[in-house]
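Read top to bottom, the protein sequences are chains R and H. Using our numbering, the first residue of the first sequence is number 178, and each one after it goes up by one. Using our numbering, the first residue of the second sequence is number 178, and each one after it goes up by one.
Derived from the structure by calculation, the hints contain no laboratory data. None of these values were measured; they are calculated from a predicted model. Check before you lean on any hint, since a few could be wrong.
In this list, chains with the same sequence are indistinguishable; a pair is considered to hold if it fits within one copy or across any two.
With a straight-line cut-off of 20 Å between C-alpha atoms, the simulated EDC-like cross-links for lysine to aspartate or glutamate are [said to hold, decoys possible]:
no.: 1; residue 1: K374; residue 2: D508
no.: 2; residue 1: K350; residue 2: E339
no.: 3; residue 1: K296; residue 2: D460
Below, each chain spelled out in residue letters.
2 protein chains.
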Amino acid sequence: MLDAPNSQYRILSAATVPAYLQTLPAVVDRLGGAPSDWTVRDVADGNINSVFLVDGPKGGVCVKQALPYARIHGEGWPLDINRAIYEDAYMARLAPHVGQLAPEVYSFDAEQFVIVMEKLEPHIILRRALIAGNHYPAVPGAVAEYIAQASFHTSDLAAPFERKATDVSLFSKNLSLQRISADLIFSDPYTVVWRNKLIEPYLTAWGAAFRSDVDLKSEVARLRALYFGKAQSLIHGDLHSGSVMVTAEDTRVIDGEFAWIGPSGFDVGNFIAHYIMAWYAKDEQPGDETEREAYRRLIETDIAAFWSTFRQRFLEIWRAEAGAGDAYFGDHFNDPAGASRLESLRQAYVDDIFADARGFLALKVIRRIIGYAQIADFHVIEGAEAQARAKAGALALARSLLLHPDRYPDIASVIAALPRFEAVGFDPHPSRNW
Amino acid sequence: MLDAPNSQYRILSAATVPAYLQTLPAVVDRLGGAPSDWTVRDVADGNINSVFLVDGPKGGVCVKQALPYARIHGEGWPLDINRAIYEDAYMARLAPHVGQLAPEVYSFDAEQFVIVMEKLEPHIILRRALIAGNHYPAVPGAVAEYIAQASFHTSDLAAPFERKATDVSLFSKNLSLQRISADLIFSDPYTVVWRNKLIEPYLTAWGAAFRSDVDLKSEVARLRALYFGKAQSLIHGDLHSGSVMVTAEDTRVIDGEFAWIGPSGFDVGNFIAHYIMAWYAKDEQPGDETEREAYRRLIETDIAAFWSTFRQRFLEIWRAEAGAGDAYFGDHFNDPAGASRLESLRQAYVDDIFADARGFLALKVIRRIIGYAQIADFHVIEGAEAQARAKAGALALARSLLLHPDRYPDIASVIAALPRFEAVGFDPHPSRNW
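Given these sequences and hints, build the entire structure.
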């Protein structure tokens, strides 16, 4: 048994949740009635935490507790329970800027490592919508707005440098989950390691091709250095289609425990990567082919809308600010020549986010196909060979993005490339110049 | 009166130092005898702290106390007294790697904000040697070794990322002194501000030229973003010729209270900048012209030796390590193709340090000539016009480095450029293409 983080810490169960919530007056008031009136559902479907949905006569809440290990793996995979502190800090830091695009936090308990927050209902996880072929046209714009607000307002563009430095000091302690990223994103896919889950024998050659490609691994090293050394803004760190909950009218970003000060392009690339994997998976998923093809067109539209909204909103937010930040110091650009130059510097700043996103996008595709934590978009495909066919296309695009970034100067060129890699199959070598 | 940092805090004077040191058994033992046997000299010649040298029958110590304000300015310039904590942490972090290239710390007192350390005698400040025309040929190599060890061993090249992240978390709190850098290096010289000390009327046009040059200010913004966002290694933050104490046999780096996790090129560029200013100042300093010209040749040799030693030592240290760091992950480069590639990646890494250093070098020259904290190399020149002539040359080189970095691909091209800017004079415009 792992040591408990403190003598008062107790792992919650559906049976003990009501007694715990009773100690939180604000939550009692929100639920209404008494603990005996409350229903509790254990809904943990992520990999690492406990999550309960609680309903009372008046309303509902979501209860998320960090465990001293990764839930899906049990005590064999210890994980710093303090991640709940960073998730709460992440949500608190962004709340003024992202507002209704994240759940409201009602209570944080640093002894039990429990966040009680807004219950999202009837929201579903975006990934399930993508798999089911249900389309929510407001999602790309909402997530773009979320990342744009976060990327701007937690950077040195928005405030004197001391503000970001204080965030850096805090989130640089969130090490346990960054170790997962270091290993699963930046190391494992390019080595032989027990955690990898490459589909044998179909993707064997692809795996070997990635492990032996020194150009590709050099680019991985460059991006890894950016992740751990480019302290640009507060990033979510795990912002994929499983971290977004949606209805037709409402979009929320959840699960910020991987929070880190890193390159703004990381979340952007991660989110696009999961659209791209959904696109490749769609071809082999069950269901009507015409409908699946039509849904692919919607995914393409979503990717384009996501990036163009991010770009536009980031620039708008920046233009509306009065140069309060230490970056692009206001007094240096307040004459007409400076104002004109500042506009082109803004464009260059967003181009730089795109360039970073393009690289991280590729790494995120690769880690979900070769590495440990795989995704349902592919798992719902019947048959290993069909799964591998879909995955091979995504791997080929990812490799091309890493080796030939100049071919992908904008989001349109990435979208246009999707079908080019669809039928590459299981031999990675004949057209290495893809 | 500013609030004292705690009720026990007392500002030391030469009279009270012995009674204070008596409370530190290790120091008493080192001094020998009793407090009545000890002599105390107040030697503070920096700008911000109290410094005392204490001698006893057996040995001597140096006592450095942080004040809640900048000493040179008095209580009108409050300064976070916790800077002593970061200076001590900086010295402790580097001690295993730089050894005898820094003073040994005997005692740190977090209540009185006092560091008691090795007394350096008969060392003199390098700046005084440069002004006097005394040459210490071992200095460039020793400082290069110091920066190479620090830059490698505190980066992600040397250890799993958690190590640097822990340093980042600590040194990101060292805000008060970074604010000085933000203002005096990255803001003031390009605006009109009371603290600037441009020599009027001779350098008036140069000051205006810098304030109105949008290309130059764009480059300043880029370097500012690097300083506050490129978390590459632990840097000294103020490593100039006033922070190095020398004898013919011994070189020590002192005064690490500006410690920060930033671009490795910052300390490199800062140190070169002060050689370059010494070079330009030498032409107008008092003394025999032949000797001064001969000393300039020695400075050129020192600059070349400093950079080539840094480059060589950094690469050697890296090659000798077994890929223990998270950057350039060892398992990705352990086959023959990877090993070969890793060598070129190492060269590229050091080239990147040079590129950053070239930019910071220029900013350091500019801030010492236009900004608040000026240097004795120029002050010893008789007459404002002669001072300004020497400064104009340095400003012209700095501008060229910022606007035309491609003309300076290596240290030889920087050294070769020194005489080209010597006689530019007080009109910055005729040859803006300098």
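Hint-by-hint comparison with the structure:
For the homomeric pair K374 and D508, the shortest alpha-carbon distance between copies (18 Å) is at most 20 Å, but the shortest distance inside one copy (53 Å) is not. With identical chains, the CA atoms of K350 and E339 are at most 20 Å apart both within one copy (17 Å) and between copies (8 Å). In this homomeric assembly, K296 and D460 never come within 20 Å of each other (Cα to Cα): the closest approach is 34 Å inside a single copy and 74 Å across copies.
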